[in-house]
Amino acid sequence: MDWEGQKRSEIFMLISLVVFGVVAFGVGYAIGSFQIMMLIYGSGVVLTALITVPNWPFFNRHPLKWLDPSEADRHPKPQVNTAAPKKKASKQK
Amino acid sequence: MGMHSFGNRANAFVTFAVTILAVMCSLASLSDNFNVHTPTADVKVFNINWFQKQPNGNDEVSLTLNISADLSSMFTWNTKQVFVFVAAEYETPQNALNQVSLWDGIIPSKEHAKFWIHTTNKYRFIDQGSNLRGKDFNLTLHWHIMPQTGKMFADKIVMTGYRLPEEYR
Numbered sequence: 001m002d003w004e005g006q007k008r009s010e011i012f013m014l015i016s017l018v019v020f021g022v023v024a025f026g027v028g029y030a031i032g033s034f035q036i037m038m039l040i041y042g043s044g045v046v047l048t049a050l051i052t053v054p055n056w057p058f059f060n061r062h063p064l065k066w067l068d069p070s071e072a073d074r075h076p077k078p079q080v081n082t083a084a085p086k087k088k089a090s091k092q093k
Numbered sequence: 001m002g003m004h005s006f007g008n009r010a011n012a013f014v015t016f017a018v019t020i021l022a023v024m025c026s027l028a029s030l031s032d033n034f035n036v037h038t039p040t041a042d043v044k045v046f047n048i049n050w051f052q053k054q055p056n057g058n059d060e061v062s063l064t065l066n067i068s069a070d071l072s073s074m075f076t077w078n079t080k081q082v083f084v085f086v087a088a089e090y091e092t093p094q095n096a097l098n099q100v101s102l103w104d105g106i107i108p109s110k111e112h113a114k115f116w117i118h119t120t121n122k123y124r125f126i127d128q129g130s131n132l133r134g135k136d137f138n139l140t141l142h143w144h145i146m147p148q149t150g151k152m153f154a155d156k157i158v159m160t161g162y163r164l165p166e167e168y169r
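Chain order of the listed sequences is A and B.
Under the numbering used here, think of the first position of the first sequence as 1, with each following residue one higher.
Under the numbering used here, think of the first position of the second sequence as 1, with each following residue one higher.
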């Protein structure tokens, strides 16, 4: 899952669970059935889990664009002559 | 929250789902406080079947009771069941309050909450001593409202003015 996908997945999870919780409580209280409340929330939980937990293709539509390796070869890192000035973050995430 | 792997997403999801569930259950329990209980109950001693002193010196009495009650106002959407029991309560020189459970029942739903029962005492009415002759006593209907989730409520209706005979029979 790419960065954008992780963000969307998390936001969708938060909103979806809260909405299902509110709807379940409202309906359950209105018709006076604890069981209906639990059924609505339970189905919401299952549905939300199926959407947000697996790594679906639609969470991978914003891949990071790395530079081509040949580009790095053309601009070699300056050679460090003294002992460890400041290390730049490596490109591996 | 980390969302970068299946395990992290599953963990974040379950944590949040259970949090919401806890909030819903808390609200359901709190909503019970808006319910106003107006139960009614009446217990009559239909007959004193027998009244005797056991060989060990304890008094025992057998009663036939007519119990009628309407507990339907106790039931809310968060009520699982109501437990009720009728206790004989009286004072003796040794103890300020003696409670002897005579009958109990579990009411599973609002439809069963209005009832009328004609019964002998389900549990034996025995005094730990010989204090029952001519004794004034109360019959008290106690109840515990057991919720699906949250706080349990307990209360009672005290009925006074009952008296046991002066002589064994």
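A portion of the hints provided could be inaccurate.
[What the hints assert, rightly or not] Each pair of labels, with its calculated beta carbon distance range:
no.: 1; chain 1: A; residue 1: Trp56; chain 2: B; residue 2: Gln81; range: 42 to 50 angstroms
no.: 2; chain 1: A; residue 1: Pro63; chain 2: B; residue 2: Gln81; range: 54 to 62 angstroms
no.: 3; chain 1: A; residue 1: Val27; chain 2: B; residue 2: Ile126; range: 16 to 24 angstroms
[Stated by the list, open to error] The list that follows gives simulated cross-link-like pairs (lysine to any residue, SDA-like), each with its CA atoms no further than 25 angstroms apart:
no.: 4; chain 1: B; residue 1: Lys151; chain 2: A; residue 2: Ile36
no.: 5; chain 1: A; residue 1: Lys7; chain 2: B; residue 2: Lys80
no.: 6; chain 1: B; residue 1: Lys110; chain 2: A; residue 2: Ile36
no.: 7; chain 1: B; residue 1: Lys110; chain 2: B; residue 2: Pro55
no.: 8; chain 1: B; residue 1: Lys156; chain 2: A; residue 2: Gly42
no.: 9; chain 1: B; residue 1: Lys110; chain 2: A; residue 2: Val27
no.: 10; chain 1: A; residue 1: Lys7; chain 2: B; residue 2: Leu21
no.: 11; chain 1: B; residue 1: Lys110; chain 2: A; residue 2: Leu39
no.: 12; chain 1: B; residue 1: Lys151; chain 2: A; residue 2: Lys7
no.: 13; chain 1: B; residue 1: Lys80; chain 2: B; residue 2: Phe6
no.: 14; chain 1: B; residue 1: Lys114; chain 2: A; residue 2: Phe25
no.: 15; chain 1: B; residue 1: Lys110; chain 2: A; residue 2: Phe25
no.: 16; chain 1: B; residue 1: Lys80; chain 2: A; residue 2: Leu14
[What the hints assert, rightly or not] According to the in silico footprint, chain A covers these stretches of chain B (three or more CB under 8 angstroms from chain A):
no.: 17; stretch: 41 to 48
no.: 18; stretch: 53 to 60
no.: 19; stretch: 92 to 99
No lab work stands behind these hints, which were simulated from the structure alone.
Where a beta carbon is used, it is the ideal one built from N, C-alpha and C, also for glycine.
Comparing the hints with the structure gives:
1. A/Trp56 x B/Gln81: 42 to 50 angstroms: holds (44 angstroms)
2. A/Pro63 x B/Gln81: 54 to 62 angstroms: 57 angstroms Cβ-Cβ, so the 54 to 62 angstroms window holds.
3. A/Val27 x B/Ile126: 16 to 24 angstroms: violated (52 angstroms)
4. B/Lys151 x A/Ile36: OK: B/Lys151 and A/Ile36 at ~21 angstroms, within 25 angstroms.
5. A/Lys7 x B/Lys80: violated (41 angstroms)
6. B/Lys110 x A/Ile36: OK: B/Lys110 and A/Ile36 at ~17 angstroms, within 25 angstroms.
7. B/Lys110 x B/Pro55: Cα-Cα ~45 angstroms, so violated.
8. B/Lys156 x A/Gly42: Violated, because 37 angstroms separates the two Cα atoms, which is more than 25 angstroms.
9. B/Lys110 x A/Val27: holds (20 angstroms)
10. A/Lys7 x B/Leu21: holds (23 angstroms)
11. B/Lys110 x A/Leu39: Distance of about 22 angstroms is within 25 angstroms: holds.
12. B/Lys151 x A/Lys7: Distance of about 39 angstroms is beyond 25 angstroms: violated.
13. B/Lys80 x B/Phe6: Judged against 25 angstroms, a Cα distance of about 38 angstroms means the pair is violated.
14. B/Lys114 x A/Phe25: violated (28 angstroms)
15. B/Lys110 x A/Phe25: holds (21 angstroms)
16. B/Lys80 x A/Leu14: Not OK: B/Lys80 and A/Leu14 at ~31 angstroms, beyond 25 angstroms, violated.
17. 41 to 48: violated (count 0)
18. 53 to 60: violated (count 0)
19. 92 to 99: Violated - the stretch 92 to 99 of chain B has 0 residues with a Cβ nearer than 8 angstroms to chain A, which falls short of three.
Of the hints listed earlier, those the structure fails to meet are numbers 3, 5, 7, 8, 12, 13, 14, 16, 17, 18, 19, in rising order.
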